[in-house]
Amino acid sequence: MEGLWNLPFNDELGSVLASEEVCVVGVFGKSVWGNTSKGIVINKLANTSLFMPHYPSYTIGGQTKDRDCETAKFNPALNGYYDKEKHIVYLHLTNIFDAATLSTACAEMGNRLINHNDAHNFWKSQEVETVFSLVYLFSICHILIVVHPVPTFDISYDKLFHHVGNLRSKMLPYVKDVLKECSVGRDWWVNGRPCPPRLLFVIMRSDLVNTKSSSDGASAEGASSKKRKPPLKRLQHTLEDQVYKILRNSRVLTNNAVNCLFTVPPNQAFIHIMTEQFDKVRREEDPVKSMLRLLQKSCATHRDPTARSRAYRLLTNPPTQWKDSDEEEPNNPLWRFVEQHTDLVFEKKGFKDSVGRNPLPTHFEIPQLKNWLKVANSLFSLFFTQSFQNNDDFVKPVLSADAKLKPAEIRSQLRSQMDPEARFSEARCSKLVSLASAAYQSNLPLHYTSKVHNNQLVQALATYTLHARGPARDKYEQCVREECEAFWNDGRRLCEVRSLTGRHCVHRFHDLPGHLKPQPDANPPRMNHSSRSRSVAASSCGRIQGSRDDPFTLKDANYDFYTRLDGRAPSVPDQDIFKFPIHIQEKSEKMIPVSPELCEMVEQLKITSPEPTVNPEEDTSGYKETQPSVSCPDDAESDQNSTQESETDVNKEDEGEEAERKPTEQEDRQRTTSTNFEFSLDSDSIPEVQSVEYNDDSLLTQTFTEGMIHSLTPEGILPLFSSWSLTRIGPASMYIPNHGLDMPGFIPGTNHLVPWDIQFHTDDPTVTHWPVPGEARKMTIKETKLMQRDSTTRAYVGFEYETPRGQRFICSSPDKAVKVSNSGVVRDSIQPLLDMDMPLYTTSPVSGRSGKMLMGQLMRVLVVTPTEQNVRITIRPKVVPGPPPTPTFHPSQPEITLRSNSVWVLRFPYVGIWVVRVDVKENSCKKFNIEKTIANITEDIDLRQREKVMKARKLSILDACSSMKHSQTRKPQMLVSEKLNLMVCDTSGIGDKTFEKFSSSLNDIDLLPLQETDIPLECLAQNYTTVIFLTDPLERLLSLFYNSVARTSGVKDSLQLTMVKVADDNSELSRNFKMFVTRMLKSKRKFVTSSLYSEKCDPCKVDYDIIIKGDSGYLDMEYLFTLKNLPIEKIPVLSGNFKSSLREQLHDLLADDGWANVLEDMHDIHEKDYQLFAFESYRESLKN
Amino acid sequence: SGANQAQGGMSTKTKDSNSSRCVKMLDSTLHWVEGGIEFLQDQNDFLVVGVIGMQGVGKSTVLSLAAGNRLTEPQKSFLFRPQTAEAKEKASHMTSGIDMAVTNDRLILLDTQPILSSSVLEQSIHYDRKGSSDYSSASSIEIQSLQITAFLLTVCHVVIVVQDWFTDSNIYNFLQKAEMLKPVSAPPSHDSSSSSEHSSSDLKPVIFFVHNKMDSDMFGVRPITMMNEVMDNLVRYSNSHCKGYFSQIETNLYPGLSSILPVANEVNAFVLPNINDAENEEEKCDVTKVAFDAADKQFLSIPQYVGRPSTALLENTFRKLILSVPRHPLTHLPLSEKNWFHYAARTWEALRKSQLVTDSSLAAYVT
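Protein chains in written order, with the working numbering: chain A, 1 to 1184; chain B, 10001 to 10367.
It is worth saying that the hints were derived from the structure and are not from the lab. The beta-carbon is built from N, C-alpha and C at its ideal position, and this holds for glycine as well. Do not take every clue at face value.
One-sided and incomplete, this derived list gives chain B residues near chain A with beta-carbon spacing under 10 Å [unchecked claim]:
| no. | residue |
| --- | --- |
| 1 | 10085 |
| 2 | 10118 |
| 3 | 10121 |
| 4 | 10182 |
| 5 | 10337 |
Whenever a hint applies, use it, and build me the whole structure from the sequences.
Listed below in structure tokens is the structure:
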């Protein structure tokens, strides 16, 4: 039973030990973390140091710790210690009321308690576990000690004791079952405990001190006998009265001790305030403070000329005798306080704590250690097996299956009893759901959109949040959401599919005919979408007009509508309709190539891409910038002999040119949308219009698209239907230039095409004027005129715009309608049409009925080709709906050569077609991924950097220490504590060269990170390898001074290197330090056992310096010096000749006015924070 | 600008604030006292700071610090009287009910009786021996404490929660309970919904955790980070502003703090030293006795290593923090100081009669 042990305790005991009669003392309560945690109470009582300072057991940042823990890990823990001399078993309970455990639990559970309810349950269950462990303690202990940090009675204990009492009475039958199997006395068995335990209170600290001055002031008014007692004693008495009154009042204490959970002695002290002992622990076990105190003490002693030499003292008082010189406290008030109660136990008298006239006798039993252990082990498994349910080894035969189940029930009962907040919150929040629903349902239309729904939901939730309280809030908030959602879906949902023009469908939620998708609405009606909006549009050929419903699909917009309308128009011979290549669906294909996901995707894209979907009926203001243009860069005429090859060359060149031109144009005109037509002219023979063959055997799974072909569509993909149409509506003679077009809807005067005179050679086929790429556009008018003698023919071109009201007009240049003279002659030049990009939208020259300006969309291009057979006009229509990355749209056959002697009408797709294809999105996804990877890598680097720096600093400190020669025989010793950030190192005799080297190498360590500029400053702030040297008083002054600099200067994250050294003959210091180290070694504190370098330190042979972790001041000095415009080289800490010349240096610096000012400034800045030193006198002393 | 204001205020006002004394707002039987209105004006720029905490943690001291008192001053000159040695001996509380004081910076300070106090409990046992209420005495004290806290959470811009050791998790539970009892501040019905929506989050009070009487080893960056982590977890689901108003990182008191404590996780908190302890620490060696050498004399007369920022610096910083809090509206309508007083009186009456407090489920809890 050496050291600390845990329950259940199953080790063998010696027979002597086993039959010893023991008193059991349980310790619980609340405490702070660190060296004053409540374990010190047992340490003091049992005169041990086994109960370590209780620190949170995790590292900040927590990367190192694996966090696989379960909640059970934080359940209360019981540590046992057996004091052999006094025959007392101590049980120490730690739970979340100990700050260290609480902090550990917070750090490790913090990220996993994701909502209020989780967090609430976790902390509540911790409280329940605490009650369980207290019932356990109250069942096996004679004496219980409540430790509290401050001198008040925590009234939450009142409630806690009620819970403990209730639980104990509920558990009693099971406890008795268990005790039956153990050899305990009858009374023990009946009552489930050896005796009614006594409860003692230990208060750790109080502001009151037992000095005369404070009591004098208080006792001025009345000098009763009570007042003469020291203040702490009086506090103790009043507290005892208070506690007794309160516990009596709440019936935790009653007259009859047997029925009470515990008793307090009526005529003995049961509260102890351990201020003095507490202060001592606090002072002595704080490493930094205690060492500094030792230092100061030694400094005072060793300079004393009357003091004997160190050697003499070592001889007269050898280290072997230092042991325990101050550990055995002759006067241990805490033990004396507890002793009076344990004495009663060992005298087997029991506690006669019943009061009243006829006190009932109380039972009492003092067990042998082995018996008690058996009871403790069995009860332990009764109370705590629930937490180990998976562990089969733990199931005790004593417990019937029935008994095992029951405690679990009791536990859940207790849980709900202890959690009225949850009940309150539950009750309150559940009431609010209907209130919130009512708020949602107020002022709702019959059917409404998700926007309305969301707005109402926000209202409802606001109402809810205003009243909702407590942990059940989240749960019922979800209820509110669900209820509102359900209300909406119950036939009140509006169909929200938007048409291609951006209007949503006016019907309630419905299914499309032919679709069978699972829908949120239970039984939706089937109908087509309708936005109830209609526009007037002309047929493909432009000869008739009809009304069009707002289209919801591309096919409807660009194909179905026109198919219907064209059917009513005067028919055109089949060979006059140009057939764009499309994907012909074979029966066997059955729509497979387009997956349903893609369908949805396309549909969504239609809805969610409002940017390119330009609404022509919108206010003009929104589209004023919309100035797309048409370019006809290739107006070169060429010979009959031109070949296909050269033509492609030209095209390429055109594209190049276009690409060059685009940016500037965008800047100039700020266009967002543009149409780009490329015309190429060519005097080859015209091939028959024919459908182009396409590759049916393509192995690509996706060979067609439901949308349109554009620049990002992969090669070989064809549309299911053609969104474009090209029709020959008659011979060229059909167009009479003076009358213009004879089609409905044209605004008067704007129905004229622009004439285009074309020159070409007829006579000499050998002379080719085939333009060199890039040259064509530069051809001057003069040149053109020179060639005019050859031959001229005339074509007509018109760009027709159409408004939703059916108004049509032809533009001769961007945003400019064609102008016609009275006689019907068009004077506008063809050149703008050929040179410039035409806008996709432009305002109509005539305003609508309401006076609103209507937007016209470029819908048709009419071309009248000349009668000459050898002049060919090739069109390459392109639509650029927006700036990049919007793709450029083109028909499935991008280039069409028009037959001569005809009137051709090229119809463009209707609005809403500019669907950005899926692949664009994929692209952006990829980019995103790449970025992310990069971010991860940099983070790693940062961490590694940090580790690297830390490691380098550690290593170089260690190197520096180990390279020092102490003497020929010894190797250097070193102790390192990661936990306390403490580094202790013995160094050589102070003042010699090695020490200088050492210190300068330490300086190098601090410089190391500064040179590597890429290392973030945060890396340096981990104050691991920072050091305080104890050197001489001068530097001590400096160090304090540096500290003061850091405090006020606002230099964050700075390190401060403080060096204080004690002069040579520091025997007293050595001695004290030695004792300090021995004490630490003896007490097996964590920081010693975790030391990296030495378990054993031979403290007798060397002089010691103390290296305490502090911080380094170089940055501060640098900061200060730059502030004062002083040369940085003068910073004394860093100059090579560290020790010997420092005084001179400082002297010089002080003589130098700058330095003196710096010191004085710092003095002022700090508001005499430290009252450091008499600055003036120090300067004087230096001068002398 | 807050800091400037703070400094300006500090230099000019110390004397004045001491001349004014506090008045009762709630008497010891927790009934409303009207006298306080005399100190209030008809203007809208004011900041209400309340304080709660267990018995003897230093509530009055902390509030006095906010008003400009110094820890080193004699306690008699404090705006709110701290616990006297006599009261300490009797383990009794100093403040009962709520005391109010107004400073020249238009800080309205509310000092309260301790929550969950054994001494208040003892008194109540003494007075209603008959057992008049349905609850046990301890429960009625808890209800009383909850009422006072809920009251402060409703009428204060800033509620300082003072603790004298780190840390009792019951305090955080208690705060959450008080938040549950806080009366609903419904937006005025005639107001349009849009304006009330944006302001409703601003109406929440700021909670400021002050740890008083801390040992110097709690002033390091690591302990502060650990304390912060605990508080962060325990107040995560609080309905008040527990973060973002008082930052110890920004005070620059602790170099290196920002590197280990993420700003987003920082809870409003501050650490104050144990001044009794500091006195012990600052004891000096008897220099005359050992002064054999001028340099030694220098060295030995240096004050002890304290391991924390100086008390004066902490005091100043604390006061600046308080004064720099944005004075956000407390209700949907702007209040003048006098209106605030009436509003507070109404709130208190409402809380006393509140259905919430006597709600059966909570009552079951406290019995």
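Hint check results:
1. 10085: Hint holds; residue 10085(B) Cβ to chain A Cβ min 5 Å, cut 10 Å.
2. 10118: Residue 10118(B) check passes; min Cβ-Cβ to chain A is 4 Å, inside 10 Å.
3. 10121: holds (6 Å)
4. 10182: Hint holds; residue 10182(B) Cβ to chain A Cβ min 8 Å, cut 10 Å.
5. 10337: violated (27 Å)
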